[in-house]
Every structure is written in structure tokens, then in C-alpha cells.
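Asks: Top to bottom, those sequences are chains A and B.
Note that numbering that gives the first Met the number 0 gives residue 210 to position 211 of the first sequence, counting from 1, and the numbers run on in steps of one.
Note that numbering that gives the first Met the number 0 gives residue 409 to position 410 of the second sequence, counting from 1, and the numbers run on in steps of one.
Treat the hints as calculated values from the structure; they're not laboratory data.
Source: prediction; values computed, not measured.
C-beta: ideal position from N, C-alpha, C; glycine also.
Don't take every hint at face value.
Covered stretches of chain A, as calculated for chain B (at least 3 residues, CB under 8 Å) [to be verified]: (1) 65 to 79; (2) 170 to 178; (3) 226 to 234; (4) 243 to 254; (5) 412 to 424.
In silico DMTMM-like pairs for lysine to aspartate or glutamate, Cα to Cα no more than 20 Å straight-line [stated by the list, open to error]: (6) Lys287(A) x Asp220(A); (7) Lys19(B) x Glu263(A); (8) Lys91(A) x Asp306(A); (9) Lys19(B) x Asp403(A).
Covered stretches of chain B, going by a simulated chain A footprint (3 or more residues, C-beta under 8 Å) [to be verified]: (10) 92 to 101; (11) 432 to 441.
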Amino acid sequence: MKKLCILAALLPLGVSTSTLTAGGFQIPQQSIKSMAFGGAFTGYCGDASTAFYNPAGMNNLFGQNFTAGVMGLFPYVSLQTPSTSNIDQTSKLYTPIDFYWVGSFCNKWRVGMSINNQFGSAASYPSSWEGQYIVQSISLKTYMFQPTISYQICNKLSIGGGFVYTLGTFADTKAIPVASSTVNGTLQQTAQNGEVTVNGTGHAFGYNFGLFSKVWQHGSDSGANQCLQLGVSYRSGLPFTVPNGNVSFSQIPTSLATDFPATENFSTNVNMPAVFTAGVAFKFSCCKNWNFMVTYDFNYTFWSTYDSLHFNFSNPNTPAQGFQYHWKNAAAHRMGAEVTYLKKYTIRIGYYIDQTPTQAGSPPSQPGYISPEIVDANSNGFCFGAGVKFCKHYSVDLAYLRSDFTTGQETWSQEGFSAAYHRVINIFGIGVNYQF
Amino acid sequence: MKKTILYTSVAAIALASCTKTQFSSQTYSPGSANFTKMVAVGNSLTQGYMDGGLYAYGQSNSYPSIIAQQVKLAVPSMVFNQPTVTGNGSGYIHLVYLNGQLTPIEPGDDSTAGSNPCDADASWATWGTSLQVNSYNNLGEAGILLTNCVALNSTQAIINNVLTGYQDIAALGGTVGNPYGRFLNYGSALVANPTNYIDLIRSSKATFFTCWLGNNDVLGYATSGGVVTDVSTPLGTIAENEITPPAVFAQKYDSVLLAFYNMGAQGVCATIPDVTTIPFFNTVPSYVMVNGGKQYLWITTSAGVRQATDGDYIILPEYNAVVAGQGVYQSNPVPNNMVLDATEVDSVEIATNAYNASIKSLAAQYNFALVDMHAYLTTLSSSITVDGMTMTRQFVQGGAFGLDGVHPTAIGYALIANQFIATINAKYGATIPPVAVSNYRGCLFPSY
Numbered sequence: 000m001k002k003l004c005i006l007a008a009l010l011p012l013g014v015s016t017s018t019l020t021a022g023g024f025q026i027p028q029q030s031i032k033s034m035a036f037g038g039a040f041t042g043y044c045g046d047a048s049t050a051f052y053n054p055a056g057m058n059n060l061f062g063q064n065f066t067a068g069v070m071g072l073f074p075y076v077s078l079q080t081p082s083t084s085n086i087d088q089t090s091k092l093y094t095p096i097d098f099y100w101v102g103s104f105c106n107k108w109r110v111g112m113s114i115n116n117q118f119g120s121a122a123s124y125p126s127s128w129e130g131q132y133i134v135q136s137i138s139l140k141t142y143m144f145q146p147t148i149s150y151q152i153c154n155k156l157s158i159g160g161g162f163v164y165t166l167g168t169f170a171d172t173k174a175i176p177v178a179s180s181t182v183n184g185t186l187q188q189t190a191q192n193g194e195v196t197v198n199g200t201g202h203a204f205g206y207n208f209g210l211f212s213k214v215w216q217h218g219s220d221s222g223a224n225q226c227l228q229l230g231v232s233y234r235s236g237l238p239f240t241v242p243n244g245n246v247s248f249s250q251i252p253t254s255l256a257t258d259f260p261a262t263e264n265f266s267t268n269v270n271m272p273a274v275f276t277a278g279v280a281f282k283f284s285c286c287k288n289w290n291f292m293v294t295y296d297f298n299y300t301f302w303s304t305y306d307s308l309h310f311n312f313s314n315p316n317t318p319a320q321g322f323q324y325h326w327k328n329a330a331a332h333r334m335g336a337e338v339t340y341l342k343k344y345t346i347r348i349g350y351y352i353d354q355t356p357t358q359a360g361s362p363p364s365q366p367g368y369i370s371p372e373i374v375d376a377n378s379n380g381f382c383f384g385a386g387v388k389f390c391k392h393y394s395v396d397l398a399y400l401r402s403d404f405t406t407g408q409e410t411w412s413q414e415g416f417s418a419a420y421h422r423v424i425n426i427f428g429i430g431v432n433y434q435f
Numbered sequence: 000m001k002k003t004i005l006y007t008s009v010a011a012i013a014l015a016s017c018t019k020t021q022f023s024s025q026t027y028s029p030g031s032a033n034f035t036k037m038v039a040v041g042n043s044l045t046q047g048y049m050d051g052g053l054y055a056y057g058q059s060n061s062y063p064s065i066i067a068q069q070v071k072l073a074v075p076s077m078v079f080n081q082p083t084v085t086g087n088g089s090g091y092i093h094l095v096y097l098n099g100q101l102t103p104i105e106p107g108d109d110s111t112a113g114s115n116p117c118d119a120d121a122s123w124a125t126w127g128t129s130l131q132v133n134s135y136n137n138l139g140e141a142g143i144l145l146t147n148c149v150a151l152n153s154t155q156a157i158i159n160n161v162l163t164g165y166q167d168i169a170a171l172g173g174t175v176g177n178p179y180g181r182f183l184n185y186g187s188a189l190v191a192n193p194t195n196y197i198d199l200i201r202s203s204k205a206t207f208f209t210c211w212l213g214n215n216d217v218l219g220y221a222t223s224g225g226v227v228t229d230v231s232t233p234l235g236t237i238a239e240n241e242i243t244p245p246a247v248f249a250q251k252y253d254s255v256l257l258a259f260y261n262m263g264a265q266g267v268c269a270t271i272p273d274v275t276t277i278p279f280f281n282t283v284p285s286y287v288m289v290n291g292g293k294q295y296l297w298i299t300t301s302a303g304v305r306q307a308t309d310g311d312y313i314i315l316p317e318y319n320a321v322v323a324g325q326g327v328y329q330s331n332p333v334p335n336n337m338v339l340d341a342t343e344v345d346s347v348e349i350a351t352n353a354y355n356a357s358i359k360s361l362a363a364q365y366n367f368a369l370v371d372m373h374a375y376l377t378t379l380s381s382s383i384t385v386d387g388m389t390m391t392r393q394f395v396q397g398g399a400f401g402l403d404g405v406h407p408t409a410i411g412y413a414l415i416a417n418q419f420i421a422t423i424n425a426k427y428g429a430t431i432p433p434v435a436v437s438n439y440r441g442c443l444f445p446s447y
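Sequences and hints are given; from them, build the entire structure.
Replies: Here is the structure:
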């Protein structure tokens, strides 16, 4: 029990959890092992994070399994607009966390728990930058809690599912182009703009479902054996309702106070997308000392539910606001491999190709929907990692991921803004596994 | 240990290079355009007139000044001088918050808050004359008509000199002319060949020009509600606020472009906006709401008093009178000079379209670039969104037009400058960057 407490102590590290790594604002790296595989895990199901990636894969685990991890995500984003050579985002380090437990109490049933941050996004800019009226800073954070069970139907097939409760927070600050003329009674030509901050908290319920099969196994006494695993998972969409968000205006000229009261409330709905994944893993060894594994996931995220955002305000003088995003469903290919020596030392490597859900104007004369709020484009990432099993109970995983893309001039037609984007992300992850 | 240090430093270097996302600084090219001497000719729009006056802030945000600032990114050695005023200059309109209402205060109106912080600067009374020795790049002169830039006979040359210059003429009873033209060396009207604006253009030595002349040839008629007044002078009768006949306009515009052509200049011509799209004509409705229904106001037209329609434009200066009830009853109609009625609107549009046809064909004839400000300002007046700011023609809150309802704000001038820049880039293969419009502001709202 004492050891459990150590794991639990890792959790508060994730106080500021949000990020941007992959298509849209989903974080496909939800454990340190999977991070080294570019996010592929649905066919592998090699540690307790399978509770998230594929609930049915929990039947692959025995005893009590705990996995916890934290990632340090360093985003570097620069923009080039037609007017300005270079603008750097001021986005900060983010530290998403994850915690998983899978417990085996009888042969055929497993129970599990998953706590993580599946969706997140954050960006901040210098407060008087060119796009200050679009965004100065924005962040979306989600905390998912997912109790999960799985059942082995027969030797080759198990099935699993979980119930997902999600808490989400949203914050957005931008400037308003109303210039004040007098500061402390003196007429100013250098005007000060108004500012608006929107904060909201919402809840959503969803589910997670998976199938897992060790479809083919072959072993020999010499230690050479092979195993082919297949997994399929589906995570439902999460329709957030933010019933009572808070809007606060500041630096508003008194003469416009009726249009922009100091505070008011708003409501909105935000849909987090469903995700379908099919994965395959092949494990093989030639002798007792060396074990190999290769895995591949196909990911399909139903981003088209993230079509638009609408804000309705409690003050009838404040006009309702709507933003069109027109995101499209997006696919990703994730693959990884690992080598284990003496069942103790492991090296991992991975790669992914991620399609963006955002829509550029195509042809360019058509409206584009590329917003500086969420800098995204088709991207790929390289990753590697290592693991060491110190004893029968403990092992530690490390992983590193890097993704880099540069876009051409992209337009957000609705806001009359265009920019080229260059984004580099480096993620460092460390995870601890405990099993007994 | 040495190996550890080596690996650590290699890793550190690798990591640092892994985090560089900055775009390299852009190089901008003037293309085939020769910006050795850029000259802007035009009227109040060109001079940087803003909020009903000529003041330092407006001038520093004039569209020629913004264009020049951007051209300098491609041609750092370029010099662009404007005849600047000091501080408030002629004085300008500002907003105060009075009894729960946004109220524009004219310069010189000191009745509200004791003293008016936007009254004319003390230097304004004598501004300009000492500047005549200098050669400026911005030759914009508020109030000037194209028809008064070029003379077709010697009498016109004298009239033009009197109207666009500024001088004391005993025969006319004292000081006459245009105070906004005082920085230009017009000389005297009472000489053999008095200087006209076209002469100043000819001696400008421009290698590149922007020309946005001609707005006042129709705007004066429109803002005076289509009322033309005959003024008798020792030089004959002058029809004040008359629309310049399109044939005369074409002939004189040709003279201006020929002058630039003869000096080998390159340049951009701008078309004349549809004046009925500006807030000056679109703020006071032609009706009042009575029991939820529209009751159209009574207006005075040259054909008599009648009820207004949606095709009649009551002008901004009539605002307070309409609020006070003028026009509700036939016995107290909106005066003729406060409404541009539908017939007059037709005259304005016919002339504007004819002017623009001439501007387009002449620009093409001399192979100058053309920026269609008529089309752009029509779009701007309905709605345009740039850098997250949405501009409309709504008075004050619309963002692009200032407190006189006619002239742009700094945002408006920045948008206009970007249209010129895009045209220059397209015509001369230049890559002058547009200005970031979000760095400019609209009307100033009182306090917070």
C-alpha cells in the first residue's frame, strides 16, 4: 500500500495540463511507452495504459498493474504574416499526466481505471501582436476519468469497455478594437484597446469500447516464439455543454459600458470527437534473450463534429458570436518497434503521420479555416524511448518525441487573417510501472 | 567523464537547433518601380485630413505616409516628407460622453467641458507659409477640386490660383483661398501666368506618383445637399458646389497624367468612391419610427416639399435637428441643403461613373496602375474583416470612418494604403509588404 501512495503522488504534477501535438487538439500520446511508438498501442496493449487505448487488451495483463507518466512538452511556434517577417508564440511548457490501473481478480475479468488528458490545446501570443483581436491566449484542458472492465470471451478474443467522465475547462483572451481616448483625464493618441476574457467549465459523458485478439501464436522450446495481436477500439465523442461560462471585459471606455458590461455569462456547446482505431502488433523472439515487437495503428478521428463554436451571452446587448471551423475527419498512421534484451532492457522507436482536421482554402480562392488559435497542419513525428525493468515489480520508461512542420500562407477567411506557420514540438516523457 | 561532457554538449547543441522556428526576415523588392521620388497628389484624403481637421496624428497616418513607410522596407534610402502641422493643427472633432450619450464636439466649441482639448493649435493661424521653400512628397491639399488644378483659359488660371492658394486680395475684400494649401508656393494670382496645382505637379520631379484627385468634384455637391450657389465675383459668376462636367473632368485628368507621363514617372491612379456609401449620408434615417412603423420625413427638394423615400439621403449635420423633430410635419421639412434627394443622387452617380470611366481609360492609356477605390470602399462600407476587426460604414462604431462621417480613421487609411500597395505590387512586380491594419485604430472613445 505504501508503494501505491508514491504513484499517487505523481498525479499533482499534472496541474497545468494542456498541449498541442497532433491533429487538432487531441493528444495521442497517453502513456510513455505508446509515446515511443508514435501513439500506437491498440494492438500491443503492453501496459496498464491499454485501459485507455483498448479496454479489451486489459486481458493481456495479469495481477495488479499501475502505470503513471508525465510529459514535458516544449512548443515552439512562429508565424510569418504578409506584413511581419516573424512572430513568436509565447506558449509555455505543458505537462500532461496520465495514470492507469488494471487489476486482475479472476481469470476472465479485468477491471481498470484511466485518468488522463485526451484533449488539450494552448497558445499564447505577445499581447499587442498583429492578431490580438483574434487571440492573445487560449487554452483548453480536459481531464478524463474512465472506469473500465474487460472480459475474455474465449482463448483468442476479449472484449472491454468503459464509461468516460470528462471535465473540461476553456479560457480565451483577446483584445477588442475599441480605443479609449482619455487615461487619467488626459487625451491620448496612443489608444488603449479593450480586452475580453472568456472562461468556462463543462462536463461530458462518453464511453470507450474495444476488442482484442491474440489471433495467432506459435512457440517452441528453444525460446523462439511468435504472436500476432489485433485490436480495435472506439472512443465515443464527448459533447460538452458549458452552461454558465464567465465573460469579463476590461479597459472598456465608459461610453461603451452598456455594450460591454464588466462581467456577464455565456453558454456554449463544444463537441470533442469520437476516435476509431485499429491496431496490429507482432511479437517474436529468436532466443530467450532477445524479444522483438512491431506495431501499427490506424487512427480515424471524427473531427467533423467540431464544425463551429457559438457563444450566447446573458446580456441581450452583446451580440451572439459564432466561429466557423469546418474541420474534417482525419486519419493518422502510427507505428513503432521495440527490442528487449534479457526481458530487462528495452529500446523503442516510432513514427507517425498525422492528417490535420483543419481546412485550408482549396483552391486558395475558397474560404480557408486556418486559425492562429490552433496551429495545425499535416505533420509527422519521430520518437524513441527506452525502458528498464529494475526488479520484478518496478520498471521505468523514458521517451522523446519530435515533430516539425512549416506551412505556406494559410488563411482564416472569417477573421481576415493569414500567416505561414512553423511549429516544432519536443516532448520528453517519463513513466513508472508497478506490478505485483 | 570527458565523454559525458562531449555527449552533453552535442545533445545541447542538437536540442537548441531543434527548437528554432523563427522565419528568416523577409526581403522586399520595389520590382521595376522607381521610388527615387514618390509624390502623392490629391485632396483631403491624401493630406491625411481626419475627424474634420488636419492634425498631426491624421497626417502621420495619411495613406501616402503609410505607403511610404512600407516602400521604405524595400527602398530604405527613400525620403518622404509631409508638410506637417503642430499638434491639433486646424483642430478636430472629438467625442465626449455627455448625459449618457456619445457626443461629437467640434473644434472651437468650448461650451461643454470648459476648454476643448481639440481646438486649433496656436500655430495654425500662420501655418504653412514658412514651409513653401521646401519640396514635399505629399502634395495633398484638402478641399481641392480637380477642376481647379488645371486651367483651360487665363481667367480660370486666376480663379484656380485664388481658390487653391491663400492670399490677401484687396479686390476680393481681404484674405481668400484655401488654408490647407498654404504650404504650397502658389505665388500671386495677380501675375501673368498664375501658378496652378498642375504647375506644382510639373515641377515635382516625381519618379513615382499616387493620384487620387477628383473626389471633391462631386463630393462638394453631395455634402451641400445638391444645392449649387452662384457666387458673383469680379472674375464672373462661380457656381459653388457644382458637379464638374465629366467632359471637363476627363480633359483635366488627362492633363495631370500627361504631366506625370512627360516627366517619365510611374504611378497609380485611384477611382472616385461612391459618396453615398459613407456615414455622412447613411447615419440619419429618412424616416422616424411611429408605433413600430416607418413614417418618412418631409424633405425640401428643388422640385418642392415631399415625403422622403429610401432613395433620399439626409446628411449627418441634420442629425440634431431631426432628433428635435424637424421633418416630422410638412410645415417644417428638412431643408434642401440637408438632403441629397434621389434625383441629386442620380446626378452624383452619373458623374462618378463617368469620372471613373475616364480615370480607368486614361490610366490604361498612359500605362499607369489603377486602384479601384470605388469598388473597394463600396465593399468596406458594407462590411470587411481584417486581422479580426470588422469594419462597417456605421458612424463612429464602424471603425473605418472618422467623426466627420466622410474621412477615414487611421484604420481606414491603412486599409486604403494596402489597396495601393497591392496594386503597385501587381503592376510593377514589387513585393512591398502590406501594413498590419490591427496596429491602427478607429475613433477614440472617451475614457475608461
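Asks: For every hint, state whether the structure bears it out.
Replies: Here is what the structure says about each hint:
1. Counting residues of the region 65 to 79 of chain A whose C-beta lies closer than 8 Å to any C-beta of chain B gives 6; at least three are required, and the coverage claim holds.
2. Check result for the region 170 to 178 of chain A against chain B: holds, 4 residues qualifying (beta carbon to beta carbon below 8 Å, three or more required).
3. A count of 0 residues in the region 226 to 234 of chain A with a Cβ less than 8 Å from any Cβ of chain B is obtained; the coverage claim is therefore unmet, three being the minimum.
4. With 5 residues carrying a beta carbon less than 8 Å from a beta carbon of chain B, the region 243 to 254 of chain A meets the three-residue requirement, and the given coverage holds.
5. Coverage of the region 412 to 424 of chain A by chain B holds in this model, with 8 residues showing a Cβ closer than 8 Å to a Cβ of that chain against a need of three.
6. A C-alpha spacing of about 10 Å is found between Lys287(A) and Asp220(A), which places the hinted pair at or below 20 Å, so the restraint holds.
7. This hinted pair does not check out: Lys19(B) and Glu263(A) have alpha carbons roughly 41 Å apart, beyond 20 Å.
8. The straight-line distance between the Cα atoms of Lys91(A) and Asp306(A) is roughly 27 Å, outside the 20 Å bound, and the hint therefore fails.
9. Taking the CA atoms of Lys19(B) and Asp403(A), the gap is near 10 Å; set against the 20 Å cutoff, the hint holds.
10. Look at the region 92 to 101 of chain B against chain A: 4 of its residues bring a Cβ nearer than 8 Å to a Cβ of that chain, three or more, so the hint holds.
11. Counting residues of the region 432 to 441 of chain B whose C-beta lies closer than 8 Å to any C-beta of chain A gives 8; at least three are required, and the coverage claim holds.
Of the numbered hints stated above, those contradicted by the structure are hints 3, 7, 8, listed in ascending order.
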